[in-house]
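Student: Letter by letter, the chains look like this.
There are 2 protein chains.
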Amino acid sequence: MSGHMNPEEFRRHGRQVVDWIADYLAGIESHPVMSQVKPGDIRRALPPAAPERGEPFEAVLSDLGRILLPGITHWQHPGFFAYFPSNASGPAILGDLLSGGLGVQGMLWVTSPACTELETVVVDWLAGLLGLPEHFRTDRAGGGVIQDSASSACLVALLAALHRASGGRIAADGVTRRYTIYVSSQTHSSLERSARITGLGAAGVRVVDVDPRTLAMDPGHLRALLDRDETDGAVPAMVCATVGTTSTTAVDPVPAVGELCRERGIWLHVDAAYAGVAAVCPELRWLNEGVAEYADSYSTNPHKWLLTNFDCTVLWMADRAPLLDALSVMPEFLRNPATATGSVVDYRDWQVPLGRRFRALKLWAVIRWYGAEGLRAHIRKGVALAQELASWVSADPGFEVHEPHPLGLVCLRPVWPGLAADAADRATMRLLELLNASGSVYMTHTRIGDRVVLRVAIGGVATERRHVEQAWEQIRWEHAALSATLP
Amino acid sequence: MSGHMNPEEFRRHGRQVVDWIADYLAGIESHPVMSQVKPGDIRRALPPAAPERGEPFEAVLSDLGRILLPGITHWQHPGFFAYFPSNASGPAILGDLLSGGLGVQGMLWVTSPACTELETVVVDWLAGLLGLPEHFRTDRAGGGVIQDSASSACLVALLAALHRASGGRIAADGVTRRYTIYVSSQTHSSLERSARITGLGAAGVRVVDVDPRTLAMDPGHLRALLDRDETDGAVPAMVCATVGTTSTTAVDPVPAVGELCRERGIWLHVDAAYAGVAAVCPELRWLNEGVAEYADSYSTNPHKWLLTNFDCTVLWMADRAPLLDALSVMPEFLRNPATATGSVVDYRDWQVPLGRRFRALKLWAVIRWYGAEGLRAHIRKGVALAQELASWVSADPGFEVHEPHPLGLVCLRPVWPGLAADAADRATMRLLELLNASGSVYMTHTRIGDRVVLRVAIGGVATERRHVEQAWEQIRWEHAALSATLP
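Each protein sequence line maps, in turn, to chains A and B. Heads up, the first sequence stops at 487 in full-length UniProt numbering, and the numbers go up one at a time, no gaps. Heads up, the second sequence stops at 487 in full-length UniProt numbering, and the numbers go up one at a time, no gaps.
It cannot be assumed that every hint is accurate.
One copy or any two copies: either way a pair holds, since identical chains are not told apart in the list.
[Claimed, not checked] SDA-like mimics (lysine to any residue), calculated; alpha carbons at most 25 Å apart, straight line:
1) Lys38 x Ala338
2) Lys38 x Arg476
3) Lys38 x Glu332
4) Lys38 x Pro70
5) Lys38 x Arg140
6) Lys381 x Gly131
It is worth saying that the hints were derived from the structure and are not from the lab. Note that the structure is a prediction, hence the values are computed from the model and not measured.
Sequences and hints are given; from them, build the entire structure.
Tutor: The following block contains the structure:
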């Protein structure tokens, strides 16, 4: 039979894996950023059934390099400008490895007190680093918790909001009234999903207009929608304001939106998934405007731009009670003396799943390795490179740059003289395909004012000025070449 | 400033961490199983704010050993018999480390094709290993997907069930009818939570009686509840049958329950979180009875007893369409040519979060390292040790053993001659406290027929016969000592 991997074998194979990763990261530029495989290529190269007998660990590493690597889109490649960065860093990888080695499950305080208490400490640290309000701290009425993603943070915030809006009745009675939530056309799609999941349906989602220039939510239209719904007998449960939208990093006017929420007692969730961590830099602290005064909940993702491997979203609440009331169910097998005293945090009540990994270790390792200085330097570098790129784009008559672009994302539109809007958009998509097929960059697109634009998201760990320069050269070159083939 | 950890630094610190883990696992018996710290002890030992300057990685390792370790409850300790096992294994830890090193995010096929395709392959492998039906395979109408936990798998199954029961209208309109779900008093609490989350509320949860001896769901009572609800105009959306309940590993009669579901077109979810993976052994294949014929969805947790570090729940569906319809939202920034062809799987539509880690790597590494043989040997060892313990308990007049106990869990009740039920239960809880305070074992309790019993869950990677023997000796000894102090 094949037995367990003993500690000495673990030591040996562990070194092999560490070396594999070090070599992979050192040589990452040798791979095309975006995988060039066709659907089914990887699947067909793997055996259709599990092996009957155990295999040496070297076989896993060999197949990883031979079969899987061509199917990897390299998120840590310096030419990865797609979506938003999803930073991996040495300390985060190793912090997570420690979590794997300990193999503890922190659903309750008692099931590993350090797993809970370190999490409380590091989310408090992070709140301090970002200049978030004191009342988000767990020793006040609020508190922070690590979630797997901003989607889950939004869902959890909505559950708390519904609990409060229903006077606590929704957990017992379910959705018996018409609850509504308010987003903009630029809000992340996870909000519509959360409305579906919680039984409000798309019918419960109101889409607030945005300023056509900045793409920020229009508080005047929000007020009109709230007035109409309240007149119609609906119960507004939550407004989601976004600081740094996914499409273009637009920033909703949190103070104005928050004032409307406060007047009417509506839960304000601030989704700062991408941008929130940038507030580690004092000069970007304006991103927090209105949060201390108005936010009932706030989330940001260290797993995007703050060097902490996915998954690590932090959700803070001004008052944790509605969430705990919404999610607490206490079966006999989870009862224990520590929980009974009420003196401990049981994070299982703060999230959808019951079980949880020791994710605080990786965030702790990141914050200690980099220090506040190192975190700021990383954000500043991404912002500076993006600003430099934007200046090159706006100086080139062949392109238009979308304003504003205060962070690490630059949205740009190639100009196609003589082409109508539809044909121009198709040409832009063709340009994107050519860029991504080249293997040296990976970008995505979005629409602004119904026109296709390219998104260039800067902030990878390995991305240096020369990579941004090369990407810009390549965009210009492909644009010129493609233009020459057009009528 | 503090910069990134370069590949050579990563190599060095990676080896330190690998050695730390190897030493930790080799010496794990030197720690008390259950942490003996008091609430706040760990938190107070950590600095109140993040460091301004970066620190060497050695500082993290040093504080891990000095400050955090006393606050760890050691789930991989051979004396851990609490809850269910949450196996960590060498290949799983290293597979997860590779996932961290690659740092890819597999929300869409295109964002790393290998991340999606390896997942499809390994969940198909696992379905084959467990003898699950062909129609669960992704190349048929069904398909499997890795979720973070059985709680999330139940939630996702319920969303699919509600989609089907509402004729697809719930995503648009929300909960506008009285949908009901059916569980037993022994069903995992995550089902009640899922009902709350999806807007049904506790009012939508029907609790079916159980056989007082086996604690399995009573299909006759289920039929009566369904009849009453249908007469009352409610819409039964889902029945959850459990194979191996959390409290006592009771097995609901899936064929009889499934027949009722089929007659009425109700979604049957089978929650086999703990027990399902045991079907890797042909002699335990009876656990699957009725699954092929009746289950619309089925989930089990390799992260419990199948050697794959948390988090790794696999959810399979007989028909994936209702789930995808329930959860798909396609914003512009996620559109891509591969998805547009319809020829690829985008797992983001199969789960609540948008982003996802490359969790298939750890399951792949486990299955290849152990092979089917090794996985079977691990399950068989746990079952054999549990059966041996049960035989010792039932031969001892000082204890009663709960029957049946077909897997790795033994529930036992100490007898306290002369004590009324309440006082006896208090004595049992006191016994449990003494055992857990000893540092050599960690157990939990549950209630059967309103009487407190101790749960001894066997199946840890490091747990050998001698550890079970020692635990039993200790239970007997503490019971005798405590008995002597009672009136």
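Student: For the identical chains here, do Lys38 and Glu332 meet the 25 Å Cα criterion within one copy, between copies, both, or neither?
Tutor: The answer is between: 22 Å across copies meets 25 Å, while 51 Å in one copy does not.
Student: Give the relationship of Lys38 and Arg476 under a CA distance limit of 25 Å: within one copy only, between copies only, both, or neither.
Tutor: neither (28 Å within a copy, 62 Å between copies)
Student: When Cα atoms must be at most 25 Å apart, do Lys38 and Arg140 count as within-copy, between-copy, both, or neither?
Tutor: between (53 Å within a copy, 20 Å between copies)
Student: Can you give me the call for Lys38 and Pro70, within, between, both or neither, at a CA distance of at most 25 Å?
Tutor: within (10 Å within a copy, 50 Å between copies)
Student: If the cutoff is 25 Å on CA atoms, where do Lys381 and Gly131 land: within, between, both or neither? Let me know, please.
Tutor: within (20 Å within a copy, 53 Å between copies)
Student: 25 Å Cα cut-off: does Lys38 pair with Ala338 within a copy, between copies, both or neither?
Tutor: Intra 53 Å, inter 9 Å, cutoff 25 Å: inter-copy only.
In summary, the one numbered hint that this structure violates is 2.
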